[in-house]
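Please work from the sequences and hints to get the whole structure.
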Amino acid sequence: MNAAELRGVSYVYSEHTPFCKVAVDHIDITFEEKLVTGIIGHTGSGKSTVSQLLNGLLKPSEGVVEVDGKDIWAEPKKIKNVRFSVGLVFQYPEYQLFEETCYKDIAFGPKNMGLDEKEIDERVREAAEIVGLSEELFEKSPFDLSGGQKRRVAIAGIMAMRPKILILDEPAAGLDPRGRDEILTRIVRYREKTDSTVIMISHSMEDMAVYCDKILVMSDSKPYMYGTPSEVFGRAADLEAVGLTVPQVTKMMLALAEQGFDVRTDVYTVAQAKKEIERLLKQA
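When we follow the working numbering, the leftmost residue of the sequence shown carries the number 1, and every step to the right adds one.
Keep in mind that the hints were calculated from the coordinates and are not lab data.
On a predicted model such as this, the values are computed, not experimentally measured, just so you know.
Among the clues, some could well be false.
Here are the simulated DSS-like cross-link-like pairs (lysine-lysine), alpha carbons at most 30 Å apart as the crow flies [unchecked claim]:
| hint | residue 1 | residue 2 |
| --- | --- | --- |
| 1 | Lys34 | Lys59 |
| 2 | Lys251 | Lys275 |
| 3 | Lys111 | Lys193 |
| 4 | Lys193 | Lys140 |
| 5 | Lys59 | Lys140 |
| 6 | Lys251 | Lys70 |
| 7 | Lys104 | Lys164 |
| 8 | Lys193 | Lys80 |
| 9 | Lys80 | Lys59 |
| 10 | Lys70 | Lys274 |
| 11 | Lys251 | Lys274 |
Written out as structure tokens, the structure reads:
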């Protein structure tokens with residue numbers, strides 16, 4: 001079974017007003033279970049709208065959104081339950097911290113689920129461990145932490161609800177390279193540990209190349225391309241046609257190919273490029 005599916009879905013902002021805008025237009029998208037799927041696209045392509053439709057924050061103007069094979073809007077009064085099973089971490093989630101301690105902030109979601117104190121405590125500690133947050137920080141105010149630590153608290157708060165689908169909108173935005181790698185590595189470990197489905201939105205092609213199993217490309221409010229990183233970044237010309245780019249290492253391999261070197265052009269990580277260049281040198 002697929003983790004989630006959008007069938008014939010459209011969403012119009014400010015519908016029936018002079019300011020109406022079609023954010024997604026009769027789209028059909030399937031998200032496969034237990035994978036890390038990246039969504040890329042230029043600003044306004046519909047990426048964030050898709051994430052909010054999956055989470056039930058937005059109700060489609062047309063079409064059906066399914067999670068675990070069930071229409072999430074079949075019982076509108078129970079839409080709150082969907083938000084427990086489809087956790088959404090917004091861009092710069094640290095701006096949404098509000099509790100007086102880190103522990104209370106992480107516990108907020110599980111508490112709203114009606115869990116008992118023992119279960120809440122277990123989930124808080126588990127989520128904190130996954131994101132690499134020390135228990136020494138539990139009683140500190142989240143506002144006294146560094147930017148990276150705040151990000152971990154915010155992400156842990158969603159993970160503590162143990163959603164079947166975890167959606168993250170630009171989870172590494174604003175972090176330094178080391179912070180980016182650590183956050184994204186821990187997100188992938190979370191997927192491996194929980195057997196859940198992860199969907200990440202990012203403008204960073206390098207991040208998508210390294211951390212995702214599949215990539216969905218959005219353009220002009222519709223899906224434009226879907227496949228493995230190799231399949232997607234192997235179509236550099238198509239990506240550039242819709243205003244996107246490819247990882248720098250892919251650009252390097254394309255440049256080598258244009259100069260007559262016999263190299264693969266579907267390379268998208270430094271490790272792959274190293275192997276390819278070593279192979280080329282051995283043939284020289």
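Going through the hints against the structure:
1. Lys34 to Lys59: holds, 25 Å
2. Lys251 to Lys275: holds, 16 Å
3. Lys111 to Lys193: holds, 23 Å
4. Lys193 to Lys140: holds, 27 Å
5. Lys59 to Lys140: violated, 37 Å
6. Lys251 to Lys70: With Cα atoms ~42 Å apart, Lys251 and Lys70 exceed 30 Å; violated.
7. Lys104 to Lys164: holds, 22 Å
8. Lys193 to Lys80: holds, 25 Å
9. Lys80 to Lys59: Measuring from Cα to Cα gives roughly 13 Å; hence the hint holds.
10. Lys70 to Lys274: With Cα atoms ~45 Å apart, Lys70 and Lys274 exceed 30 Å; violated.
11. Lys251 to Lys274: Between Lys251 and Lys274 the Cα gap is close to 14 Å, so the pair holds against 30 Å.
The structure does not agree with the numbered hints 5, 6 and 10 stated previously, though it agrees with the rest.
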